[in-house]
Structures are given as structure tokens and as C-alpha cells.
Amino acid sequence: MKDTALLSAPLQVQDLTVSYGGDPVLTGADLTVPEGEMTAIIGPNGAGKSTLLKSALGLVKPLSGTITAWDQPLAAQRDRIAYVPQRASVDWDFPTTVLEVALMGLYRQLGLLRRTRPHHRDKALACLDRVGMSDLADRQIGQLSGGQQQRVFLARALAQEAELYLLDEPFAGVDAATEAAIITVLHGLRDAGKTVLCVHHDLSTVPRYFDHVCLLNRHTVAQGPTATTFTDANLMRTYDGRLPTAA
Amino acid sequence: MSEFIALSLPPMLIGTLAAMACALPGNFLLLRRQSLIGDAISHTVLPGIVVAFLLTGSLAALPMMLGAAAAALLAVVLIELIRRFGRVEPGAAMGVVFTTMFAAGVLLLEQTDTASVHLDVEHALYGNLESLIWLDGFVPGALTDPQALATLPPELTRMALTLAVIALALWIFWRPLALATFDNGFAQSLGLPVTTLSLGLVVCAAMAAVAAFDAVGSIIVIAMFICPPASARLMTNDLKHQIAWSLAFAALSATLGYVLAGYGPLWLGAEASVSAAGMIATVSGLILGGTALAGPHRKA
Amino acid sequence: MLLDALTLNLGYNATLVALGATALGLAAGTVGTFLYLRQRSLVSDAISHATLPGVAIAFLVMVALGGTGRNLAGLMLGSAITAALGLATVTWLTRATRLPQDAAIGAVLSVFFGTGITLLTVIQTLDAGQQAGLESVLLGATAGMLRADALLIAAGGALTLLATMALRRPLLMIAFDEGYAAQRGLNVAHYDLALLGLVLAVTVTGLKITGLILIVALLVIPPVAARFWTDRAPRMALIAAVIGAGAGYVGAALSASAPDLPTGPLIVLTAFSAFAVSLFCAPRRGLLASALRHTRQRATARS
Numbered sequence: 001m002k003d004t005a006l007l008s009a010p011l012q013v014q015d016l017t018v019s020y021g022g023d024p025v026l027t028g029a030d031l032t033v034p035e036g037e038m039t040a041i042i043g044p045n046g047a048g049k050s051t052l053l054k055s056a057l058g059l060v061k062p063l064s065g066t067i068t069a070w071d072q073p074l075a076a077q078r079d080r081i082a083y084v085p086q087r088a089s090v091d092w093d094f095p096t097t098v099l100e101v102a103l104m105g106l107y108r109q110l111g112l113l114r115r116t117r118p119h120h121r122d123k124a125l126a127c128l129d130r131v132g133m134s135d136l137a138d139r140q141i142g143q144l145s146g147g148q149q150q151r152v153f154l155a156r157a158l159a160q161e162a163e164l165y166l167l168d169e170p171f172a173g174v175d176a177a178t179e180a181a182i183i184t185v186l187h188g189l190r191d192a193g194k195t196v197l198c199v200h201h202d203l204s205t206v207p208r209y210f211d212h213v214c215l216l217n218r219h220t221v222a223q224g225p226t227a228t229t230f231t232d233a234n235l236m237r238t239y240d241g242r243l244p245t246a247a
Numbered sequence: 001m002s003e004f005i006a007l008s009l010p011p012m013l014i015g016t017l018a019a020m021a022c023a024l025p026g027n028f029l030l031l032r033r034q035s036l037i038g039d040a041i042s043h044t045v046l047p048g049i050v051v052a053f054l055l056t057g058s059l060a061a062l063p064m065m066l067g068a069a070a071a072a073l074l075a076v077v078l079i080e081l082i083r084r085f086g087r088v089e090p091g092a093a094m095g096v097v098f099t100t101m102f103a104a105g106v107l108l109l110e111q112t113d114t115a116s117v118h119l120d121v122e123h124a125l126y127g128n129l130e131s132l133i134w135l136d137g138f139v140p141g142a143l144t145d146p147q148a149l150a151t152l153p154p155e156l157t158r159m160a161l162t163l164a165v166i167a168l169a170l171w172i173f174w175r176p177l178a179l180a181t182f183d184n185g186f187a188q189s190l191g192l193p194v195t196t197l198s199l200g201l202v203v204c205a206a207m208a209a210v211a212a213f214d215a216v217g218s219i220i221v222i223a224m225f226i227c228p229p230a231s232a233r234l235m236t237n238d239l240k241h242q243i244a245w246s247l248a249f250a251a252l253s254a255t256l257g258y259v260l261a262g263y264g265p266l267w268l269g270a271e272a273s274v275s276a277a278g279m280i281a282t283v284s285g286l287i288l289g290g291t292a293l294a295g296p297h298r299k300a
Numbered sequence: 001m002l003l004d005a006l007t008l009n010l011g012y013n014a015t016l017v018a019l020g021a022t023a024l025g026l027a028a029g030t031v032g033t034f035l036y037l038r039q040r041s042l043v044s045d046a047i048s049h050a051t052l053p054g055v056a057i058a059f060l061v062m063v064a065l066g067g068t069g070r071n072l073a074g075l076m077l078g079s080a081i082t083a084a085l086g087l088a089t090v091t092w093l094t095r096a097t098r099l100p101q102d103a104a105i106g107a108v109l110s111v112f113f114g115t116g117i118t119l120l121t122v123i124q125t126l127d128a129g130q131q132a133g134l135e136s137v138l139l140g141a142t143a144g145m146l147r148a149d150a151l152l153i154a155a156g157g158a159l160t161l162l163a164t165m166a167l168r169r170p171l172l173m174i175a176f177d178e179g180y181a182a183q184r185g186l187n188v189a190h191y192d193l194a195l196l197g198l199v200l201a202v203t204v205t206g207l208k209i210t211g212l213i214l215i216v217a218l219l220v221i222p223p224v225a226a227r228f229w230t231d232r233a234p235r236m237a238l239i240a241a242v243i244g245a246g247a248g249y250v251g252a253a254l255s256a257s258a259p260d261l262p263t264g265p266l267i268v269l270t271a272f273s274a275f276a277v278s279l280f281c282a283p284r285r286g287l288l289a290s291a292l293r294h295t296r297q298r299a300t301a302r303s
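Protein chains in written order, with the UniProt record's numbering: chain A, 1 to 247; chain B, 1 to 300; chain C, 1 to 303.
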């Protein structure tokens, strides 16, 4: 971990409190995502993992706390951030094709009225190719398997050519081949100097996949390099003393 | 022929334009699981026009439309507030708001002396398409005569204009609207104003409903918001094609419904005609039934 | 005058209407609670609009048989048949196609209603002398209510209420966790059908009092209002029943207290007042309570 990372972290969340109307989901959570590394947010169900990610994207309005991207307000840095939502959050029966979903990643370039040119299509196709989905470009999205849908979402994020990638449970309910394909792409991004942050569930894969972890249970229990932070003691504290079987 | 031009062509055109104007935003309402917003909006038209009448004392088109539009917006805002702050399920929130507003409209109407003017619940529900005739259409060559054309029912111009504005708005905002409809969270992460888009769509729907109710009544409005887009969804898996199909189905419902209502009873030997608005809704339902039985993409 | 009305001192007809409306509100609030918990509130909208063609057809049949066509029991039977058909169509559209439930509801309500309107205009052209007042099923008409009508409505309400009470356990279990209920051996489809049958019964019973457009309000508003006061389903059904009955009674009394005050709309507006009070004032879930809580949370979060 570089010492300078803290000074201009791609994403820095401080003292975040979020409530959806009832009891707070997050109370005073902190998160620092170091540049050029793969970070996982882990914690039990209801720990506020997705909420933390959504707040970091400005999708949820917090009660209090500050969120900065490269030391600037979020709104100023949107072009540098790509988001991969949970697969279950959209209606896959929507009448559209795989290629059109990937093209959505180019929205900031296309805007309202600019026509979709061949080079836009080529770029979207190239991103689909990186996740092994270019053959299915003309498919109706509802015909894809869960793993294939997840890969299309990743291709859409790749098309944004961002520097920070935020993924909400990218491995939930996908097949082993998709998981391998996704992790290859994500490690490729990291090796090219990009920053990746995932909400993650499967504790057994954390040491292999991630350089950095944030252990969350309504507040930040611990965060730091996986080697020193992903310890039994910290996990016990995160999971209320009941160590999940996978760890 | 001149009888057709004078008596049937204007209402048929107005009905078709109204049907298409409602079907267009209906496509997005369908995909957003908001079809019943159209239902709610059309119920609130009644209190809107009654209040407008009470305030202005006239039945002129502009105050009526403004009143209806204001009521539609109020309904949408109330539904959203009750849903969000009262944590009430959207369908139930809608039910609370539109039934209450409709009841208030009926009560106001009963309390007001409207005997002298043509303002009643039936009119708001099923309009009066058949009365939109064009007397100068009897003049030979009326279709090319600027003087005769100037006396076409004003509803025709109004409906054409409304359709044009809605089509233009959807064309301009096509990309963000489709994106936010498919994946609201992703659209938000790109910095798109998703709430404004959603409200804009409702405003389009309200415009269509308000412009259409006067000529054709609320029944057609609700049927056209839902039936042509729903039938179209069962015909294709491509959003642009879906919209084209929905426009075709809307136009077909309006023309076929009008013809059946006007001439159907005559063919059966009866003297009078039946409600064109009701018949147009019925035809759109038959089309939906057909596509539900045999549409190529009826199943996911 | 109002006091007279509320104490049932405004004459025979007003008393009949008030009792009928109370029975209707009681049944609607209870049935509506289970509909709300099953998240199908607006199915009632499709059911109610689908009664219109049935009313028209029943009228035509009764006239063809030599009657006046205005027998309430006959009209109720006809409306029940097409309402059941509308319900079956909603179910068929959601099962056989990819269309979501809300689209199926909207399609059925507008198409059936349109067909009903068409049939009403057919009736108008048949015989000007007899058509008087069929439109009253749209918004209700309590002015000429007969003793037999009131008894029919009260009996319908009471039967519906009893049936709902008898089915409350399985209905609640299904509303809470469909999968678990099915695994425990409950036939979910049958109970759903039974619930919608009860909604249908309330709708048909309400034709004369609130009319088919406004009966939806009595099924939807009392449960929504009751939800603010409690987290427990049986208590919610009880509160909704009280709100529904109260709205029926007060609305009918208000309507009798002065001319030009239609019963249906007043019942709806009374129910809405109960909702508004609940929305703002209920402890915990009400707006005032949550606003207070929110401010407190913000203060602690900032400190």
C-alpha cells in the first residue's frame, strides 16, 4: 500500500450515516479505497454493504458524512467512475439487445441526440469481447443466463473507460466460468492501474481476489490490506462472534 | 362522400390522433410498471375541470385543460408523497389518491349549478366524439379550400399539436429515458436526472390525457395508455418496433372502433349508433386478446 | 340537521342507507385488508369496472323476460358474472403473457368498462322510457333505496364479513409467505381465488351505494389508513373494518343532512379524512413521528 494513497484516494467516505426512514443502516462508516488496488466490502447480511456502495455513488442521500472522489465532490468526477449494479435490480424482460446495453456505457459521449456511429458499436463490441459475450451481441437480454447478464453489465462498465469501478455483488448467482471470466477482467483492470471496489459475499475467495478489505457491520469494523486485516479476530467482530462457515 | 368528409372524417382523425398521443407515453409507462398512473391521471381529470369551471365560470378549452393538467400533477405528487413518506405500496397509494380526487370532483359537480352547461360525469368519462363534425365539409372540394378548412373542429388541431409535442419530446429524450427505464441505478450513477425524467414522462402522459379527454373521454384515454403498448410488447423484443406497433394498433383501434360504432348497428338493422369511445376501447381489447393468444413474443 | 342525521332521525330512507353503508364499509375494510397485505389492492379496480357490462346485459335480459330491468338482485348477479370474467382475464393475461399485473388490470378495467358503456348506449336507443338511471351504477344512487335493497346489501356485507373471518388464517399465511404456506399444504391459488371472490362480493354489494367507480376507495383506503396504527395483521383488519364502517355511516348521514350531497363521494371523502389523520398523527409510522425521529437522528449523527 502506498502512503500517498490516502492523500488522494479514488474514493474516500468519512463518518457516513444513512437511514431509509427507520433505524440507521449505517452509523459513522468510513472507507478509503486505495488507488490501483482491488478492494472488497464484506460483512453479514444487513450490514449496509450495498448502501455504502450506493451512497458512494450518490444514489442514496446520507443523513451525514462526506464522500469524495480524488479529493473532489462526487458530481465532478462522474466520468471517472463506472457502476455495475446488482443483476436483480433491473427488469431483464426489457425489450433490448445485449449490444444496446453495452452501448449504454457510452452515454456520456452520445448524449441526447448524437447518432450511434459504427465506431461506437465497434467499441461496445470490443468490450463485450473482453467478457466473452460478443457472439451474443444481437440477443434479447432476457434470453441470457444469470452469468451472461452479469458479464454484459461488466462490459457496459468497461465501455465507460473509467478509472474507478464499483461493483455490487458481481459474483452473486453466477456460474464458475463467469466468475473466472469476471475476475480475469477485474485483475486486468487493476494491473492497468485502475481501481476496483466490490461488495462481496464469499469469504473463501477474498484472499485470492482482493488486495484490500473493508469489514463492515453498520459501521467499519476494520479496513486495510487483506494480509493483515482479513483475520479471524476481525471477522469474529464483524460477524457478531458467529464465524461464517466459509472462512 | 361529402357526408363522410363532414361527419365521419374529423371524429375519426381526432380519435386516431388521441389514441396515438396516449399510446406513445404508454409504452414507457408499461415498461416502468406504471401503467395505472394513466388510470389515475384520467380519474383526476374530472375534479380538474370542475375546479377550473368554478374558478372561471366558462367551459373554454384552455382553462379546462389547465385545470385538468394541474389536477393530474397534484395527483402524481400526492401519490409519490404518500408512497414515500407513508411507506404505502404504490398501487394502494394510487388507489387512495385517485378515488378521493374523483369523489371530490363528483361532489363539487353536484354542488355546482351546471344544469345550463354541458358538464357532467358521463361527458368526462366517454366524451362526445360523434359531435365533432365539420359542417363545411359538405362543400364540394372542402379538403382543398382554405376557408372551409379553417372551420375544422378545433379539437383536431389541438390533438395534432399534442401528438407532435409528445413525439418530439420522446424523440429528444429517447436515450436517457430508455436508459433510466431499464436501469435506474445505473442512469443515476451517470448523473442523469432520473426524477425529472420520470416526472417529464408523467407530464407527457397528463398532456395526452388532458387533450384527449375533452374530445374522446377518459375511457379511451385509459384504454389507449395500456392496450396498444401491451399488445405491441407481445409482438416484438425491440423497443423502437414496439413503439411503431403500438401506434399502428392505436390507429387501428380508433378507426375500426369508430366505424363499428357508427355503422355496425346499421349493418345489424338498428337505427342509431352506439358509443364510439366504448367501441374503440373494446376493439383495443380485442387486439390485445389476439396478440395475447398469438403474438410472436407473448412469452418471456 | 347533521346531529339528526348522525342519530338516524332523518327519516326512513336515510336510516336504510346509513345501515346499508355501514355494513358495506365493515365488509370492505376487512376484505380490503387482506387484499392490501397480498399487495393486490388495485385488482379491485379491474373487478369493479368489469361489473358494468354485466349490469347492462342483466338489464337487457330482464327486459327481454318482460320485467322492468331494474331489479337490484338481478343487476347484482349480472355484474358478478362479468366481474368474474374480468378477474379471469387479468389472471389469464398475467399467466399466458409477459405482461405485468398492473398492465393486465388496466387493460381489463378500460376494455370492460368501454364495452359496458357501449352496451349502455345500446339500451338508450332501445326504449327511452325504461333506460332511466342505469348510469346510477357508476356513482351509486341511494335516493330511491328500497327496504329490500337495504336488506340485500346488509346481508351481502354480513356474509362477506363472516366468510372473511373464517378464512383469515390461511389468507394471512399466504399474504405473509406464499412459499411457506404452499409448503405447509395450503392451495395458494384456491385461497387467492376465494379472496378475490370476496372482493367481488363487496363490489357487487356496493353498486347501489357508492357505485362501481368509488367502491375501490372503500376497499383500498381503510386498510392503508389502518396500517399506520399497527404492525399486527388481525388488529389491522379490525381497525380497517371500524374505519370502513365509520366512513359508511358518517358519509351516509352527511349526505342525508342537506340536498345535493351524493352518498358515494361523501363516504369516500370521510374515509380519506381518516387516512389523512392516520398519515399525520399515527404514533411511530405517522409523518409527525417520523419527522421528529429524523431530526433526532440527524442531530445525533452530526454531534
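Simulated from the structure, these hints should not be mistaken for laboratory data.
Check each hint, because a few of them may be wrong.
Quick list of simulated restraints, FRET-style, between CB atoms [stated by the list, open to error]:
| # | chain 1 | residue 1 | chain 2 | residue 2 | range |
| --- | --- | --- | --- | --- | --- |
| 1 | A | Asp122 | B | Thr56 | 54 to 60 Å |
| 2 | C | Asp231 | A | Arg117 | 32 to 38 Å |
| 3 | B | Gly191 | A | His119 | 19 to 25 Å |
| 4 | B | Thr196 | C | Ala155 | 48 to 54 Å |
| 5 | B | Phe4 | A | Gly146 | 55 to 61 Å |
| 6 | C | Thr125 | B | Asp238 | 54 to 60 Å |
| 7 | C | Phe176 | A | Gly46 | 40 to 46 Å |
| 8 | A | Arg208 | B | Gly191 | 32 to 38 Å |
| 9 | A | Ala180 | C | Ala96 | 49 to 55 Å |
The beta-carbon is built from N, C-alpha and C at its ideal position, and this holds for glycine as well.
Practice item. Against the earlier hints, flag every one the structure doesn't satisfy and list their numbers going up. Key: 2, 6, 7 and 9
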